[in-house]
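Enquirer: Given next are the chains, with one letter for each unit.
Number of protein chains: 2
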Amino acid sequence: MREINIGLLGCGTVGTGVAKLLFEQRDLIAARLGAVLVLRRAADLDPDRDRGIRFPDGVLISDARKVVEEPGIDIIVEMIGGEGIARELILKAIERGRHVVTANKALIAAHGNEIISSAAENKVDLYFEASVGGCMPIIKTLRESLVGNRIAAMTGILNGTCNYILSKITDEGSTFADALAVAQRQGYAEADPTLDVEGYDTAHKIAILSALAYGTPINLKDVYIEGIAHITPMDIEFAGQFGYRIKLLAISKHRGDAVEARVHPTMIPFGNLLSNVNGTLNAVTVSGDASGDILLYGRGAGMLPTASAVVADLVDLARNILSGTAGRVPVLGFQPDKIRAIPIMPIDQISSHYYIRFSVLDRPGVLSAVSGILGRHGISIQSVHQKGRKTDGAVPVVMLSHRAREASVQKALREIAALEVTAARPALIRIEDESLED
Amino acid sequence: MREINIGLLGCGTVGTGVAKLLFEQRDLIAARLGAVLVLRRAADLDPDRDRGIRFPDGVLISDARKVVEEPGIDIIVEMIGGEGIARELILKAIERGRHVVTANKALIAAHGNEIISSAAENKVDLYFEASVGGCMPIIKTLRESLVGNRIAAMTGILNGTCNYILSKITDEGSTFADALAVAQRQGYAEADPTLDVEGYDTAHKIAILSALAYGTPINLKDVYIEGIAHITPMDIEFAGQFGYRIKLLAISKHRGDAVEARVHPTMIPFGNLLSNVNGTLNAVTVSGDASGDILLYGRGAGMLPTASAVVADLVDLARNILSGTAGRVPVLGFQPDKIRAIPIMPIDQISSHYYIRFSVLDRPGVLSAVSGILGRHGISIQSVHQKGRKTDGAVPVVMLSHRAREASVQKALREIAALEVTAARPALIRIEDESLED
Numbered sequence: 000m001r002e003i004n005i006g007l008l009g010c011g012t013v014g015t016g017v018a019k020l021l022f023e024q025r026d027l028i029a030a031r032l033g034a035v036l037v038l039r040r041a042a043d044l045d046p047d048r049d050r051g052i053r054f055p056d057g058v059l060i061s062d063a064r065k066v067v068e069e070p071g072i073d074i075i076v077e078m079i080g081g082e083g084i085a086r087e088l089i090l091k092a093i094e095r096g097r098h099v100v101t102a103n104k105a106l107i108a109a110h111g112n113e114i115i116s117s118a119a120e121n122k123v124d125l126y127f128e129a130s131v132g133g134c135m136p137i138i139k140t141l142r143e144s145l146v147g148n149r150i151a152a153m154t155g156i157l158n159g160t161c162n163y164i165l166s167k168i169t170d171e172g173s174t175f176a177d178a179l180a181v182a183q184r185q186g187y188a189e190a191d192p193t194l195d196v197e198g199y200d201t202a203h204k205i206a207i208l209s210a211l212a213y214g215t216p217i218n219l220k221d222v223y224i225e226g227i228a229h230i231t232p233m234d235i236e237f238a239g240q241f242g243y244r245i246k247l248l249a250i251s252k253h254r255g256d257a258v259e260a261r262v263h264p265t266m267i268p269f270g271n272l273l274s275n276v277n278g279t280l281n282a283v284t285v286s287g288d289a290s291g292d293i294l295l296y297g298r299g300a301g302m303l304p305t306a307s308a309v310v311a312d313l314v315d316l317a318r319n320i321l322s323g324t325a326g327r328v329p330v331l332g333f334q335p336d337k338i339r340a341i342p343i344m345p346i347d348q349i350s351s352h353y354y355i356r357f358s359v360l361d362r363p364g365v366l367s368a369v370s371g372i373l374g375r376h377g378i379s380i381q382s383v384h385q386k387g388r389k390t391d392g393a394v395p396v397v398m399l400s401h402r403a404r405e406a407s408v409q410k411a412l413r414e415i416a417a418l419e420v421t422a423a424r425p426a427l428i429r430i431e432d433e434s435l436e437d
Numbered sequence: 000m001r002e003i004n005i006g007l008l009g010c011g012t013v014g015t016g017v018a019k020l021l022f023e024q025r026d027l028i029a030a031r032l033g034a035v036l037v038l039r040r041a042a043d044l045d046p047d048r049d050r051g052i053r054f055p056d057g058v059l060i061s062d063a064r065k066v067v068e069e070p071g072i073d074i075i076v077e078m079i080g081g082e083g084i085a086r087e088l089i090l091k092a093i094e095r096g097r098h099v100v101t102a103n104k105a106l107i108a109a110h111g112n113e114i115i116s117s118a119a120e121n122k123v124d125l126y127f128e129a130s131v132g133g134c135m136p137i138i139k140t141l142r143e144s145l146v147g148n149r150i151a152a153m154t155g156i157l158n159g160t161c162n163y164i165l166s167k168i169t170d171e172g173s174t175f176a177d178a179l180a181v182a183q184r185q186g187y188a189e190a191d192p193t194l195d196v197e198g199y200d201t202a203h204k205i206a207i208l209s210a211l212a213y214g215t216p217i218n219l220k221d222v223y224i225e226g227i228a229h230i231t232p233m234d235i236e237f238a239g240q241f242g243y244r245i246k247l248l249a250i251s252k253h254r255g256d257a258v259e260a261r262v263h264p265t266m267i268p269f270g271n272l273l274s275n276v277n278g279t280l281n282a283v284t285v286s287g288d289a290s291g292d293i294l295l296y297g298r299g300a301g302m303l304p305t306a307s308a309v310v311a312d313l314v315d316l317a318r319n320i321l322s323g324t325a326g327r328v329p330v331l332g333f334q335p336d337k338i339r340a341i342p343i344m345p346i347d348q349i350s351s352h353y354y355i356r357f358s359v360l361d362r363p364g365v366l367s368a369v370s371g372i373l374g375r376h377g378i379s380i381q382s383v384h385q386k387g388r389k390t391d392g393a394v395p396v397v398m399l400s401h402r403a404r405e406a407s408v409q410k411a412l413r414e415i416a417a418l419e420v421t422a423a424r425p426a427l428i429r430i431e432d433e434s435l436e437d
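One line per chain: the protein sequences are A and B, in this order.
Counting in numbering that gives the first Met the number 0, the first sequence runs from 0 upward without gaps.
Counting in numbering that gives the first Met the number 0, the second sequence runs from 0 upward without gaps.
Treat the hints loosely; a few may be bogus.
Since copy identity is lost for identical chains, a pair holds within one copy or between any two.
What the hints assert, rightly or not - Using 35 Å as the maximum straight-line C-alpha spacing, the simulated DSBU-like pairs for lysine-lysine come out as follows:
| # | residue 1 | residue 2 |
| --- | --- | --- |
| 1 | K19 | K337 |
| 2 | K19 | K252 |
| 3 | K65 | K410 |
| 4 | K337 | K122 |
| 5 | K337 | K410 |
Just so you know, these hints were derived from the structure itself, not from any lab.
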C-alpha cells in the first residue's frame with residue numbers, strides 16, 4: 000500500500016495527539032484513504048519527555064529544521080505554535096515543496112496572506128482546519144459545503160476558556176477573577192490568560208473565517224476586540240432576568256461593501272442554540288442565502304479533538320497527493336484572482352441593541368438627566384429597570400435600547416459618566432436578538 | 000473558463016432550487032471553483048409549468064431519458080425521487096460514464112449498494128449529501144472530517160415533519176391528529192404522511208449514515224422503525240415534568256461486532272442540545288473516539304437548503320472532473336474492499352432506560368401486581384409517579400426504569416396489558432439520558 004510521509008514539528012499536547020492518532024488509527028485511516036499515513040519524523044525541543052506514547056526508534060528528534068529538510072517527507076504538520084519559528088519553518092517547508100497542515104490560528108490570522116501566496120507560488124497546499132473550532136469542520140464547511148451560498152453572517156463561540164469562565168459565573172455567581180482561577184486550576188486557562196480572556200484568540204479565528212466566507216484577504220488588525228474581564232455576576236444575573244445569556248461572541252456580517260467583524264461579550268436569548276453551548280465547548284452559526292442558518296458544535300480544543308481535525312487535513316492532502324492535484328480547493332475557498340479586499344467597518348459605525356447599566360446616586364432627577372442625554376444622541380430606550388440594590392450609596396439602573404449607532408451610544412455614555420450623579424462607568428453589553436424591534 | 004455540463008432530471012421543488020442556484024450563483028460558484036457549472040439540460044414531465052425561474056430556450060425538456068443520453072453532459076443530477084424511474088435513470092447514467100448527484104434517500108437506502116457497485120465498475124462518482132439533513136454537511140463530515148475517528152454513535156433528528164408535529168404537540172398540547180393537520184396545511188407534511196410520521200424517512204437516513212460511519216453495506220431492512228402517531232399530549236407533559244422532551248430520534252451505535260440502528264420517539268433531557276431543536280429543523284450528533292461529540296444543525300428540507308447541498312456535491316464532482324480524479328473519496332467513506340457487513344441487533348437485544356405509562360383501575364393491589372411482573376422480568380424501577388387524573392375510571396401510573404433489556408420489557412408489558420386491572424395498552428417510550436444510573 001502506498002505510503003504518505005509526514006513530518007511533525009512540535010510534540011506538545013496537540014502534536015502528541017496527532018502522533019497518537021496516526022499510530023493508533025493507522026489501519027482505520029488506511030481503510031478509508033487507501034494509503035498509509037506514516038509519521039516519518041517528529042521534532043520537539045525535549046524529545047525525551049514521557050508523552051504516554053511510543054515513537055519508533057529515531058523518529059522523534061530535537062531539531063525541527065532537520066524534519067523540514069528531510070527528503071521524502073510529503074506533508075509537514077506544524078504544531079509549535081506562535082508566530083516566530085513556526086512561520087519560518089512553514090515558509091521553508093513550502094519553499095521545499097512540502098504541503099503544510101497547521102492548527103496555528105495566531106500565525107494564520109497574522110501572517111496567513113503571506114503564507115498563502117507563498118504556497119500558491121510553490122504549488123503546495125496549506126490546510127488549517129484545526130485552527131478554528133477544534134474538531135468542528137467549520138473551514139471545510141465554508142470552503143466546500145456552502146460553496147453555492149453567499150454567506151451573510153457568522154456568529155461563534157470560539158474560545159473554550161472564555162466560555163468556561165462565563166458559564167462558571169452564570170452557574171455559580173462567582174466573580175471573573177474566581178472563575179478564572181478555577182479555569183486555571185482545571186487546565187482550561189493558561190497561567191497568562193490574556194490571549195484568551197482579552198478576546199485575541201477569538202479574533203484570530205473570526206478573522207480567518209471572515210476571509211473564507213467572503214473571499215477577502217485575512218484582516219486581523221481591523222477586527223474589533225473586547226474581552227470578558229469586565230463582565231460581572233450582576234450583569235449576568237440581569238441578563239438572565241431579561242431572558243438572555245452572556246457569551247463571548249465572534250460576530251461577522253457581510254454588509255454590502257463592508258464587513259462587520261467584532262469580538263465582544265454579547266447577550267443572546269435563551270432560545271438561541273448558542274446560549275445553550277456551555278463549558279469549554281465551541282459552536283458557530285453560519286447564515287447562507289440558500290442554506291439558511293446552519294450550526295456546528297463540538298470541542299474547540301484539547302489533544303484529540305484538535306488532532307482529529309489535523310488528521311482530516313492530512314487525509315485530504317494525502318488524497319490530493321495520490322491524485323496529483325494540489326490546489327484542488329483554493330486555500331481561502333475562492334480562486335486567488337477573485338479574492339478582493341472588503342473593508343471591516345470601524346466599531347463606531349455598527350448599529351446594535353444595547354444593554355446599559357448605570358450606577359447612579361439615588362436622587363431625584365437622575366433618571367431624567369441620563370435619559371435626556373440618551374435622547375439627545377438619538378438613542379431610544381425600550382425598557383428601563385431600576386433594581387433596588389444599593390452599593391456604596393448607588394443604585395443600578397438598567398436600560399435596554401432600541402437599535403442605535405455605536406458611535407452615538409459611546410458619546411452618550413461618556414457624557415453620562417461625566418455626570419456628578421454617576422457613581423461608576425456605565426456597563427455596556429451588546430445584544431444580538433432578532434426578535435427585538437429595531 | 001472551463002465549463003462543466005450538468006443534466007438535471009426532475010424539476011419539482013428541489014430540482015427547481017438547483018436550477019435557481021446554478022443560474023443565480025453562477026459567478027459566485029465560478030469564483031470559488033475556477034470553472035462554470037452550466038445547466039445544459041433539464042427534464043420534467045411538465046416543462047411548461049411556471050417555476051418562477053427562466054430556463055434558457057431549449058434547456059428544459061420533457062424526456063429525462065434524452066438528458067441521460069445527451070453527449071457532453073458531465074454530471075447527472077437526479078431529483079425525480081422514488082425508487083422506480085429514478086433508479087433506472089441513475090444506473091443508465093452511470094453506465095454511460097456520467098457522475099451522479101442525488102438527494103434520493105429512499106433510493107440510496109434501498110438500492111444504494113447496487114448503485115454504488117455499478118458506479119465503482121464504471122469508475123464514476125456518486126454523491127448524495129442532500130439525502131440526509133438537507134444543507135447540513137453530515138455526509139461530508141463523516142466521510143472526510145471524522146476520517147481519523149472510530150465512530151461510536153450517532154443520534155439525529157432527521158425528519159422535519161415529525162419534529163414540527165412533536166414541537167406543536169409540546170408547545171400547544173394539541174393531539175397528534177390536529178398537529179398533523181396543521182403541518183399539512185402549512186406544507187410541512189404530505190397529504191399521505193406515512194413515509195414521514197411512521198419513521199420510514201428517518202430510517203432511510205440512519206441506514207445511510209450507519210453505512211458511512213462504520214464501513215458497512217447499507218442495511219435498511221434491519222433498522223427498527225417506530226413512528227410518532229401514538230405520542231399523546233399526556234406523555235409529552237409527563238416527559239416535561241421529568242425534564243425530558245420527546246423527539247423522533249434516529250439512533251445508531253457501534254456495539255463491538257454489531258450495530259444498533261433504530262428510529263423511535265425518545266425522551267431526551269432538556270440539557271441535550273437536540274432537545275432544543277424545534278420546528279422543522281434537523282440536527283445530528285456524532286460521537287467520534289478522538290473528536291468527542293460534534294453536532295450539526297440546519298434545515299433538513301426545503302428548496303434552497305437542499306439545493307445548497309446538491310450544489311456542494313456538484314462543485315466537489317467538478318473539482319474531481321477538472322483534476323481527473325473520480326473516486327477521490329470512496330462512496331461509503333471506506334475503500335470498497337474494506338467494507339464488511341456488521342449485523343444490526345434486533346430491537347429485542349438492545350437495552351435502554353424506559354418510560355412506561357400504565358392506565359390502571361384505581362384499586363388496591365394494582366401497583367403491586369404491576370411491579371411484581373416487572374420485578375419477575377428483572378426490570379428495576381427508579382421512580383413511580385401516580386398522577387391524579389382519572390380518565391374513564393382509570394388513572395395513569397408512570398414508571399421510569401433503570402437500564403433494562405428490551406425483550407424483558409416487552410414481555411412484561413404484554414403480561415401487564417393482560418391484567419384485568421389495566422385499562423389500556425401501556426405506553427412505552429425509550430429514554431436516552433447519559434446522566435441516569437444504569
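Enquirer: Compare the structure with each hint and give your call.
Expert: Verification of the hints:
1. K19 with K337: Answer is between: at 23 Å across copies they meet the 35 Å cutoff, but 39 Å inside does not.
2. K19 with K252: Answer is between: at 24 Å across copies they meet the 35 Å cutoff, but 38 Å inside does not.
3. K65 with K410: neither (56 Å within a copy, 67 Å between copies)
4. K337 with K122: Both: 18 Å inside a chain and 33 Å across chains, each within 35 Å.
5. K337 with K410: Result: close neither inside a copy nor across copies, 39 Å intra and 66 Å inter.
Going down the numbered hints, you'll see the structure goes against 3, 5, while the others check out.
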